[in-house]
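Trainee: Here the protein sequences come in this chain order: A and B.
Using my numbering, you'd call the opening residue of the first sequence number 1273 and step up by one each time.
Using my numbering, you'd call the opening residue of the second sequence number 1273 and step up by one each time.
FYI, nobody ran anything at the bench for these hints, they're computed from the structure.
Treat the hints with caution; some may be incorrect.
From the structure, some residues in chain A lie toward chain B, with a derived Cβ separation under 8 Å [unchecked claim]:
id: 1; residue: D1413
id: 2; residue: T1452
id: 3; residue: D1468
DSSO-like, lysine-lysine: derived pairs with alpha carbons at most 30 Å apart [unchecked claim]:
id: 4; chain 1: B; residue 1: K1329; chain 2: B; residue 2: K1418
id: 5; chain 1: B; residue 1: K1346; chain 2: A; residue 2: K1418
id: 6; chain 1: A; residue 1: K1418; chain 2: B; residue 2: K1528
id: 7; chain 1: B; residue 1: K1434; chain 2: B; residue 2: K1319
id: 8; chain 1: A; residue 1: K1418; chain 2: B; residue 2: K1418
id: 9; chain 1: B; residue 1: K1346; chain 2: B; residue 2: K1319
id: 10; chain 1: A; residue 1: K1434; chain 2: A; residue 2: K1528
id: 11; chain 1: B; residue 1: K1528; chain 2: A; residue 2: K1434
id: 12; chain 1: B; residue 1: K1499; chain 2: B; residue 2: K1319
id: 13; chain 1: A; residue 1: K1329; chain 2: B; residue 2: K1418
id: 14; chain 1: A; residue 1: K1434; chain 2: A; residue 2: K1319
id: 15; chain 1: A; residue 1: K1434; chain 2: A; residue 2: K1499
id: 16; chain 1: A; residue 1: K1319; chain 2: A; residue 2: K1358
id: 17; chain 1: A; residue 1: K1358; chain 2: B; residue 2: K1418
id: 18; chain 1: B; residue 1: K1499; chain 2: B; residue 2: K1528
id: 19; chain 1: A; residue 1: K1319; chain 2: A; residue 2: K1329
id: 20; chain 1: B; residue 1: K1418; chain 2: B; residue 2: K1434
id: 21; chain 1: B; residue 1: K1434; chain 2: A; residue 2: K1329
id: 22; chain 1: A; residue 1: K1319; chain 2: A; residue 2: K1418
id: 23; chain 1: A; residue 1: K1358; chain 2: B; residue 2: K1358
Just so you know, even glycine gets a beta-carbon here, dropped at the ideal spot from N, CA and C.
There are 2 protein chains.
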Amino acid sequence: MNSSAGTTLVNGQPSESISVHDRGFQFGDGLFETLAVSHGTPLLWEKHMQRLWHGAKRLGITTPSERLLWDESKQLCHAAERGVLKIILTRGISHRGYAPVAEASPTRTVSLSAWPDYPAQHRDHGVTVQFCRTMIARNRDLAGLKHLNRLEQVLARAELSKDCAEGLLLDEQGNAIEGTMTNVFTVSQGILATPDLSHGGVAGVMRGLVLERAAAISISCQVLTLKQQDILNAEEVFLTNSLIGLWPVCRIDSRKFPVGRITQRIQEAIRDACCAD
Amino acid sequence: MNSSAGTTLVNGQPSESISVHDRGFQFGDGLFETLAVSHGTPLLWEKHMQRLWHGAKRLGITTPSERLLWDESKQLCHAAERGVLKIILTRGISHRGYAPVAEASPTRTVSLSAWPDYPAQHRDHGVTVQFCRTMIARNRDLAGLKHLNRLEQVLARAELSKDCAEGLLLDEQGNAIEGTMTNVFTVSQGILATPDLSHGGVAGVMRGLVLERAAAISISCQVLTLKQQDILNAEEVFLTNSLIGLWPVCRIDSRKFPVGRITQRIQEAIRDACCAD
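Let the hints inform the model, and build the full structure from the sequences given.
Mentor: Here's what the structure looks like:
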């Protein structure tokens, strides 16, 4: 763990606390981004900022200057060989009641924490996952956004058996949407597929990168409705997020999966955007 | 506004801030209660505590002693003629990541704020409401709970036209669920009805009291699936919560409603549990 890990800036000032009246605390009225830090630099910065700006626009939250966020992030990260940078942007402080206040000034927090020491085996040989009982609600207004209303993920995460590194969530219609902290991809007959997120889930930055890089190496990818059975029937399955990069799935319940050739090619194609071991 | 309004206790200590690492801020991982305060006492205390305990059990959050919460609430309220008491209970502070930490100690905040001066007209002559475009997601795991994931209510509240005191939310199947801050009841042919909340919405304390008190004065009440059209077709419509008590609805779009006899009888039946003007 780097010596600077654990530090937080709240609106640019070193602090570990926010107002109890902040709408992030009161209502989960905000957004967040989680970035891998490598050699003092947050990875995929532009893509994370694009998503944050897009989310802020949809929720009607005023954005700070990107330069300011960059400077604050670099201030925390510059000495970190590896780490995790978390940025939270909320609608700010207001009086009691749901109504947003026009003059509210958004709150931004930037925190650096230690790099999680995921076993290299997860990346190289894959992980066991399970389907969760907790469902992900269908909500077109919030779908795709990395907002602060994360109780579903908390409940799903609490369900996981010890041997499972991740859990997959379905919606009420039985569509597979995502993992608790990852997006999911399948490979069937050479075609890559990942769930449509127009009614739920977080449109992960690494998911976006996989879609881009797959196209660049001529692997077709479809964004579509995927049922639980489609995942179990797939030839290869893998998970992505900005910290783990790509983890192959080697088992779901009794179904075993190989670490297949397309999974390996995608893993290679995104290597530069992942933290090296 | 009472001189003690605006004060907050965080885990029993006067403070206006919480840790940036609190799971309430990070994930909305917690619950809340909003109570009317009259002559130094929070109203319907037992019912609010029952709901809070029920929610904590469902989310797996450890509860403080009720006596402690009562003492802290009284400490803030004792001198307030009227006010609003808000209690928040979160899973506490933990490291990054959704997984709840077994040893996390829950955070409780108790805040007193000024009584909102709702116009007496709202209670006596009714309010205009609208149906919101924002939908309420169907989620059996969180349905009924007054949890901290409130982005839907924030977005819906932001939609309201100036002349509307409240907005009604539908789910994806077109079922009317609740208002942004209230529960809704209809009266048709002498029968009271209110939406089933097993897939979404907050089971309001005042809603529960209305169900009890209606039964006590021999007014039948059904908890069932209500469509938008069922509300528009009703003879009387009213809204409830712990602060407003009961507001008749006098208009939805072009449809006008009278302040009917059953609405008035219910209003009378819950009067002792509401803040007097």
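Trainee: Against this structure, judge whether each hint is valid.
Mentor: These are the hints, each one checked on the structure:
1. Annotation: interface hint on D1413 of chain A holds; nearest CB of chain B at approximately 5 Å, less than 8 Å.
2. Restraint check, T1452 of chain A versus chain B: the minimum CB separation of about 6 Å is within 8 Å; hint holds.
3. At its closest, the beta carbon of D1468 of chain A sits 15 Å from a beta carbon of chain B; the interface hint therefore is violated under the 8 Å criterion.
4. Restraint check for K1329 of chain B and K1418 of chain B: satisfied, since their Cα atoms lie roughly 13 Å apart, inside the 30 Å limit.
5. Proposed proximity of K1346 of chain B and K1418 of chain A is contradicted: the alpha carbons are some 39 Å apart, above 30 Å.
6. Restraint check: the Cα-Cα separation between K1418 of chain A and K1528 of chain B comes to about 41 Å, which exceeds 30 Å; the hinted pair is violated.
7. For the hint pairing K1434 of chain B with K1319 of chain B, the CA-to-CA distance comes to about 33 Å; that exceeds 30 Å, so the pair is violated.
8. For the hint pairing K1418 of chain A with K1418 of chain B, the CA-to-CA distance comes to about 22 Å; that is within 30 Å, so the pair holds.
9. Between K1346 of chain B and K1319 of chain B, the direct Cα distance comes to roughly 17 Å. Compliance with the 30 Å bound is thereby established for this hinted pair.
10. Our distance criterion of 30 Å between C-alpha atoms is met by K1434 of chain A and K1528 of chain A, whose separation comes to about 18 Å.
11. Note on K1528 of chain B and K1434 of chain A: the hinted pairing is violated, with a Cα-Cα distance of about 58 Å set against a maximum of 30 Å.
12. The hinted pair formed by K1499 of chain B and K1319 of chain B meets the criterion: a straight-line CA distance of about 28 Å does not exceed 30 Å.
13. As the CA atoms of K1329 of chain A and K1418 of chain B are separated by approximately 27 Å, the hinted pair is consistent with the 30 Å bound.
14. At roughly 33 Å between alpha-carbon atoms, K1434 of chain A and K1319 of chain A are farther apart than 30 Å, so this suggested pair is violated.
15. The suggested pairing of K1434 of chain A with K1499 of chain A holds, with an alpha-carbon distance near 25 Å, which does not exceed 30 Å.
16. Annotation: proposed proximity of K1319 of chain A to K1358 of chain A holds, straight-line Cα distance about 14 Å (limit 30 Å).
17. At most 30 Å may separate the alpha-carbon atoms for a hinted pair to count; K1358 of chain A and K1418 of chain B meet this at roughly 27 Å.
18. Between K1499 of chain B and K1528 of chain B the alpha-carbon distance is near 18 Å, which keeps this suggested pair within the 30 Å criterion.
19. In summary, the hint linking K1319 of chain A to K1329 of chain A is supported, as the alpha carbons are separated by about 15 Å, within the 30 Å threshold.
20. For the proposed pair K1418 of chain B and K1434 of chain B, the alpha carbon gap of about 26 Å is at most 30 Å, so the pair holds.
21. This hinted pair checks out: K1434 of chain B and K1329 of chain A have alpha carbons roughly 22 Å apart, not beyond 30 Å.
22. Distance restraint check for K1319 of chain A and K1418 of chain A: the Cα-Cα separation of roughly 13 Å lies within the 30 Å cut-off, and the hinted pair is therefore satisfied.
23. Note on K1358 of chain A and K1358 of chain B: the hinted pairing holds, with a Cα-Cα distance of about 29 Å set against a maximum of 30 Å.
In summary, the numbered hints that this structure violates are 3, 5, 6, 7, 11 and 14.
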